[in-house]
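Going line by line, the protein sequences match chains A and B. Count along the first sequence from 1, then add 225; that gives the number in this note's numbering. Count along the second sequence from 1, then add 5; that gives the number in this note's numbering.
Everything labelled a hint here was simulated from the structure, so no lab data went into it. Keep in mind that a hint or two might mislead.
[As the list claims (entries may be wrong)] Simulated restraints on C-beta separations:
| no. | chain 1 | residue 1 | chain 2 | residue 2 | range |
| --- | --- | --- | --- | --- | --- |
| 1 | B | 125 | A | 232 | 53 to 59 Å |
| 2 | A | 445 | B | 162 | 39 to 45 Å |
| 3 | B | 121 | A | 445 | 41 to 47 Å |
| 4 | A | 295 | B | 113 | 36 to 42 Å |
| 5 | B | 180 | A | 289 | 40 to 46 Å |
| 6 | B | 119 | A | 411 | 21 to 27 Å |
| 7 | B | 43 | A | 423 | 44 to 50 Å |
The C-beta atom is built at its ideal place from N, Cα and C for all residues, glycine as well.
Residue-level listing of the chains:
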Amino acid sequence: MIRKHHRIMWAVVFVSGSLASCAKDSMSERTFAASDFSQRGAAGVEEGHPSVASLQNRLAAYEAQMSALGIGEDSPVVATREDVASREVKAAELDSFSDEDTASVAESTQPSRESRSRRPRVKQHSAAPSVAAPSVPGPSSMPSADTEEAAPSVAEDEGGDEESTTCTNICALADAVCGLEARICSLANKHSEEADYRALCVRAGQDCERAAVACDACSDPQGR
Amino acid sequence: MNHFTRWSSGCICGLVVGVVLAWTMTGKARDARPPQDRDALVALAQLVETEHRRVDLLVKAGDRAGAIRALEQIADGAWPSEERAGEAAVWMRHDVVGRLVRLELDDTPAVPPHLEALLGRITRRLNDGGGDLPPNAFTARLAGLQGELLERAGRDQAALASYEVALDMNRLLLDALIKEDL
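One chain only, chain B, in its complex shape (with noise of 0.2 Å):
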């Protein structure tokens, strides 16, 4: 019985212990799910690259307000939902978002007027996928702007919580693409 216990509590632990060093060591980065409608995807992905292009030139002829304007109604506008589209749509609006905050804060120096639209803006799309998204660049660059933002707004505990998000999810990517060089 004491020979039998030994050699059961050996067993479970060890295929305890191997699975979740198995699962943690080979990386926690996952890519993004697949779309189930690719031509949604596709329809997408045009209209952004295209809607962004075009605020390259806003941006360019010194039409900011235009461009913030455009970047708005991008983001604020129809979007297909992840199940449909993937987890790649997803990454697309957080571009969007993320190139439009910037702008706005780049345009006021200290706290933007908007800040807490700007906030709830962000936090909301942070929160798309289930807040559960693979490491991505968009991703990362949004939760650093909400870092940003809660700075601006004094909250400096938060704002440090986002950057740790934003610098968690660069290390992973990172770490991928170095893999990938070698």
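Extracted from the complex, chain A is given alone in its bound form (with noise of 0.2 Å):
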């Protein structure tokens, strides 16, 4: 009897589990995914390397879109914003390097490569996600650059095929995991004797350790 009771019950895990997959599964079929972004627009370098008082051009007009769009009129970023003459010192004060340096600010948002013996090494992937939605300019599925921290961010040319920013994003994150375990693990030190210290420094290693190898693993297809 007690038999033919947890078959009854499997049978209606197996068949309540099913539906229920299925029910997540269309749920989420129409939700948006930072991915669907294209990752770079109209702002964007497809034109080059844009000089600050392009930039600044630029912003202005997105401004006005916004305004015009009604967003913000609580509380305006617009008029707030620098005022235009000190925008145009400054245009005028950075033009000058604009071109070669906007090309080495480009490569500062890659993920620096010293500073950990266990970082995963990252190759220059590009960073497009191939879209299947509208292309939207808009945030790369990783933060933007830092100076000091590795950035985590995709690279900058397009036209990158989507396994190879799969692994770029993998790497970032990577960088970004073994940065949070260097940190956690100084806190743990400091506080040796407490378990939760502990216990969380050894979570943050074995993440690491496995983001590292999934980023060596798509870096080198032939290692795999």
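Both chains are sitting in their own frames, so use the hints and assemble them into the complex.
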């Protein structure tokens, strides 16, 4: 009797599990992923390396566009931005180096390679996600560059395939996770007696290792 | 009666266990909700993208203060609502604030003078979307930065909790990316 009871229960587990999975899948069909964005749009690099002045012109245009759409009518960002005069001064100061330096800025958005022995190797992959949805200039799936933190960001050039984008993102994520591990474990060293600190350090170490292995594997497909 | 009780309890247990297992085992990560107003999202994305490029140049020119000011202005400026421009709009703001805080922290080796203001800014942003955003790299970075600030403030236990949030989110992202890569 008990065995029959179990059989009924597992049969219902199977059926309801399948139904729940289907329901969840259909819910996620109408969602919107960051990868639906193209990497670069009207503001981007396709025209070469824009100068500060041209960026400022574009900013003004986009701000006007935002206003026209009624965004920020309550708290206008447009009017409180740097005034035009100071922009022009900065533009004049910066334009002189813009062309070659934007190239190196583009390089600086890649994760730096030097700091940690376990930091995963990162190849220069092209970044643009292949887009199923209409192209929207928007965020890459990784944060923008910082100067000192290993900036998890996708590469700058467009036209890369989806696989290399995924790999770039894996490596950027590995960098972020390993950076977190460093912080967590340094904190854990200060609290060496406390189990929760130690446990999180161990977990972060495992995540870093896993991410680094995944990065290595996709960066070097021969080694897979 | 006894037979019926067993049969129905088997069904109910099975139903509950099945739904719970299926829901949890098919992954916690969900994609962002789509925007209602795509034009608003496009306009915002163009603005943010261009501002990031300008900040790149300012940082490169050594004008860190100018870069911070530019990021502050955009972070505090007008932003379309999540309902209107979707969760991607929230992510973009997290990206801007994350970069801003990183720049501020890189500028100050120890405790930044306006640490509480920075913490307040991050906490406010992490509560965007009811604090229930799908895992994404921008929010994960923001949680990590919150941990860093709390650590600098000497609030280690809270810092550990923030680091854990960042770690959890990154783990889900990594799982999804590895799956995608296979």
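Structure-based check of each hint:
1. B/125 x A/232: 53 to 59 Å: With Cβ atoms ~57 Å apart, the hint holds.
2. A/445 x B/162: 39 to 45 Å: At 40 Å between Cβs, range holds.
3. B/121 x A/445: 41 to 47 Å: About 46 Å separates the Cβ atoms of residue 121 of chain B and residue 445 of chain A, which means 41 to 47 Å holds.
4. A/295 x B/113: 36 to 42 Å: Holds, since residue 295 of chain A and residue 113 of chain B (Cβ atoms, about 38 Å apart) stay within the stated range.
5. B/180 x A/289: 40 to 46 Å: holds, 42 Å
6. B/119 x A/411: 21 to 27 Å: 24 Å Cβ-Cβ, so the 21 to 27 Å window holds.
7. B/43 x A/423: 44 to 50 Å: holds, 48 Å
In terms of the numbered hints stated before, the structure departs from none.
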